[in-house]
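Order-wise, the sequence lines are chains E and Z. Under this note's numbering, the letters of the first sequence match residues 1 to 237, in that order. Under this note's numbering, the letters of the second sequence match residues 1 to 237, in that order.
Simulated from the structure, these hints should not be mistaken for laboratory data. Nothing here was measured: the structure is a model prediction, and the numbers come from that model.
Taking lysine-lysine pairs in the DSSO-like style, the calculated list, with each CA pair at most 30 angstroms apart, reads:
id	chain 1	residue 1	chain 2	residue 2
1	E	Lys-177	E	Lys-41
2	Z	Lys-27	E	Lys-27
3	E	Lys-177	Z	Lys-232
4	Z	Lys-193	Z	Lys-177
5	Z	Lys-222	Z	Lys-41
6	E	Lys-232	Z	Lys-232
7	E	Lys-187	E	Lys-232
8	Z	Lys-177	E	Lys-232
9	Z	Lys-177	E	Lys-177
Number of protein chains: 2
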Amino acid sequence: MLGTLYGISVGTGDPELITLKGLRILKQSPVVAFPSGVHGKAGMAQTIVEQWLGSGQVQLALTFPYVQDLVILTQAWIAAAEQVWDYLGSGQDVAFACEGDVSFYSTFTYLATVLQELHPECVVQRVPGVCSPLAAASALGTPLTVRDQRLVVLPAIYNVGELETILGWADVVVLMKVSSVYSEVWKVLQQHKLLNQAFVVERATLPEQVIYADLCDRPNLKLPYFSLLIVKVTQRK
Amino acid sequence: MLGTLYGISVGTGDPELITLKGLRILKQSPVVAFPSGVHGKAGMAQTIVEQWLGSGQVQLALTFPYVQDLVILTQAWIAAAEQVWDYLGSGQDVAFACEGDVSFYSTFTYLATVLQELHPECVVQRVPGVCSPLAAASALGTPLTVRDQRLVVLPAIYNVGELETILGWADVVVLMKVSSVYSEVWKVLQQHKLLNQAFVVERATLPEQVIYADLCDRPNLKLPYFSLLIVKVTQRK
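Model the full assembly from the supplied sequences, consistent with the hints where possible.
Here you go:
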């Protein structure tokens, strides 16, 4: 009998944003895995779930390096997959606590993909949760999308020139992890007269959450990694 | 003292997909509102929350007609807002149970917008939750987006010609409530050789959930209202 790997979406920071299903499976699992923190600090997923863990549960911190080098990354993913497989192979379920939603630009995907390549017989189940654009919209107190609006989500690495084209077409644009390109994005929004229809949310739903609801006077915001920008290109009710 | 209107995201159908925060506020609220069902049947949001409601809580079914006529809709929204205001004005909190996520093409937006226009002093708080594209991705067992993929979400009412353009640019496309245009979409996907990279999920996370993971032989699917289609235009790990 093999154990099951559960990918549990634990939300964006507020520990209350885990779902009942995610919490139930987390509590039932003999092994709970999460991305290891950096500089000796617990990571966000670990911080969210640790209040729920019992003394009988194994806690498994898995290393996912913050680098671009695909060789280093692949080695780390294989090592993490084999650590998880040790438990699955012996019949124990593993719950992986994943920041945000497990299907939305998540670390869990790398783990699950590599695991299924190495051990095609393994069983993976996913529990959906709260993703950062929707957490940010709730924090802003404004809907992300309404009626027939077309939504575009662009991840961290993208071409600022491409943004120009998208602004001519989409109704709502979300730029994930915008910190490294913020100044360039600001100039594009200025040219399109969209600065007062753009919002930045830092660390949505955490106590340190910061909201900028008008970017007109903010060409050079210094933002943390978990920041996103929402542009309401067309204004609708 | 005014009461607060809470928009509680209750997820896509599986009652366990409400968040701890949503459930806490729901249980604390003296008044729980939800969209009324049709043909005497309870609506989805009501079905999800009714197991949690106590006998001391007022249950308020609000009518949101399934019509396009903006005059009829606006009259219904005003009536719903005034029903809610009766409680808020007397100092009682109202929790509105909203299918999916409260900020994502939701009925709650109409209620909150009209209420804030009629009574600008009212206080509205939103609790994010599980939206249908992410629920569908978890059900499919495949991530919605990874790495640098560009995501486009198109709501029910859109131009099929526009889909052609988007398929040339986006990495992942979600078509919400695809039932009324499925056959036209199928032809476009066939021309782009994307039928075996497209997935349909009906009633994600409900017991009646149905998944079609390859559309090649399915030009004429008869789909229910709560169906969405995901196209993975570019295949990545």
